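K.L.:
The lines below spell out each chain.
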Amino acid sequence: MNDLPRIVEALLFLSPEPLSVETIADACEAGEGEVVEALARLREHYAEGWRGVVLREVAGGFTLATDPVAEKAARRLLARPRTPPLTQAQAECMAIVAYLQPVSRPEIARIRGVASESAVGTLLERGLIEESGRSQFGAVLYRSTQLFQRLFGLNGLDELPDVAAFDPTPEEEGELRERLLKAGEQRASA
Amino acid sequence: MNDLPRIVEALLFLSPEPLSVETIADACEAGEGEVVEALARLREHYAEGWRGVVLREVAGGFTLATDPVAEKAARRLLARPRTPPLTQAQAECMAIVAYLQPVSRPEIARIRGVASESAVGTLLERGLIEESGRSQFGAVLYRSTQLFQRLFGLNGLDELPDVAAFDPTPEEEGELRERLLKAGEQRASA
Amino acid sequence: MAVLSLDLDLEVFQGPFDLLLTLVLKEEVDLLEVDLADVVLAYVEHLEGSGELDLEATTEFLVLIAALLELKSRLILPREEDEEIDLDRAEAADELLARMLEYARYRRAATFLRERIEAESGFRYRSAPLPEELRRVSVDLAEKSYEPVTLAKALGGLLRMPEPISLHHVAMPTVSVEQRLGHLRALLSGRGRFTFDEAVEGADRVTVAVTLFALLELYKKGEATWEQSESFGPIVVNAR
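Residue numbers (my numbering), protein chains in the order written: chain A, 110 to 299; chain B, 110 to 299; chain C, 406 to 645.
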């Protein structure tokens, strides 16, 4: 039994990009002729008509893609926002953007006292925040989205709860942003 | 001809995370019974042995993964090492979190008898554990993640073997104690 | 070299480490009389001699020595006067064994997990971006999933000023056990009786700690005893 068609299928499954016969042959340490043959066998299997995934030949080579029969279900599945619980880092970044928007990534990092790339990236990817122009120094600014308001059950940003209840120093006067930055600087140096 | 198995296959192909029967049923607007049946049909096809992709049940849902037969070729294609193995320290911390979660870092250190900062840090970074609130004394608590279940091929935490299974048996324990004592007597009388 | 065969040459005991453990477990050697600092020194010497650091063995050693230290400190400071020390000792030996067994449990569980991740490493999951037409998330499908109060809490937490950094511990300790021993002996011979607070009046934390250590040494040598009528109450030291 020849494993090559199986291996080729696995590579096509994993790769986000179409694969050329040459690339596949290199990865499998096989001849291009053998790969062409393996692809032909795969094509047969995929052509049987019961599959939800199809083998396509496009400009750059071969790739697997979903059959249009699944499009409606796919949209229902994937268009629904994913809402795993927020980690502490994500919640802090989300709070900073929600209360101080528009706010830049360096500013978020300064307030938290730690680099916040990955948390901000996740919030962007989940559609909770979005870009909103650039600061005078050229840094990308972020603001919260409609989706954010929906997922937190808010009708507007003015419905955000008062921070004072969780503020350890309510008697202190001053701008929220400034005080956050000050605390952040101390955290960063701690 | 029923399209459901095809659609389910397409959804599994697209989704970045394992899908529960319920989620699939929602997306397909089908009954859970039908989905279970469709999954059974898919499983048959995938079990035929010529496929490079397998249907797996992990982390509370179904997902597609490549068969280990393709591992070497996949590594060459993606130039990405496979999941790095765990060091002994990491594995011990992982075991303590998996079994005792939520558990704090001092508690992990108490059981292991040594500070475990760096191993816990690596597990956090690799997404195998995550924070889960704080203990009554203010220590951060940790729990295992979905990714942990996926990488260890577990369909749920209940698939972890009973931790008592790793206890020395009463005989072994008695033997251990006795051996220590006997060695002591011999040396003491020598 | 296994930790258990580490050779020890102590005042009350000569032989390998595992024999010492055995004798402590059998209560044939009084843990109170074992100088654990010497055990640690012997191990450090052994490490220096071998020139390499075996992490596993060192971990094992630390677990054992930590358990012994905890036991010993409990023996030195009985919680209630009328509590039988012998009872404590038996309990303590059992606890040492229990702790070793608990660690053994998770060591074995760790082996299981390592084998498991190894066996799973051949399976790879797809992580390709979604096709363009499926990338838009629908706001209409969104339902309330998070509590707004978590945001206020997160932001409020960020307003908390961290403690200023203390450089206190950087200063080199200049006080030795010998010095504090001298200080305590002077107090003992002068008055025969004093409180711990008097002995450390105006001293910094390191000095307080070293003084406590010196006091334990005096007790061990039979020069002093102490009493404390209630938790956190004054500690009265008497010449013996």
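Keep in mind that the hints are not guaranteed to be accurate.
Unchecked claim - Straight line, CA to CA, 30 Å or less: simulated DSSO-like cross-link-like pairs of lysine-lysine:
1. Lys558/C x Lys181/A
2. Lys558/C x Lys291/A
3. Lys477/C x Lys625/C
For the record, the hints were derived by calculation from the structure and aren't laboratory data. Note that this is a predicted model, so its numbers are computed, not measured.
K.L.:
Is Lys558/C close enough to Lys181/A, meaning Cα to Cα at most 30 Å?
P.N.:
Outside the cut-off at roughly 40 Å; violated.
K.L.:
Can you confirm whether the C-alpha distance between Lys558/C and Lys291/A stays at or below 30 Å?
P.N.:
Holds: Lys558/C and Lys291/A sit about 18 Å apart, inside 30 Å.
K.L.:
For the pair we were handed, Lys477/C and Lys625/C, check the Cα-Cα distance against 30 Å.
P.N.:
holds, 12 Å
Hint 1 from the list above is the single one not met by this structure.
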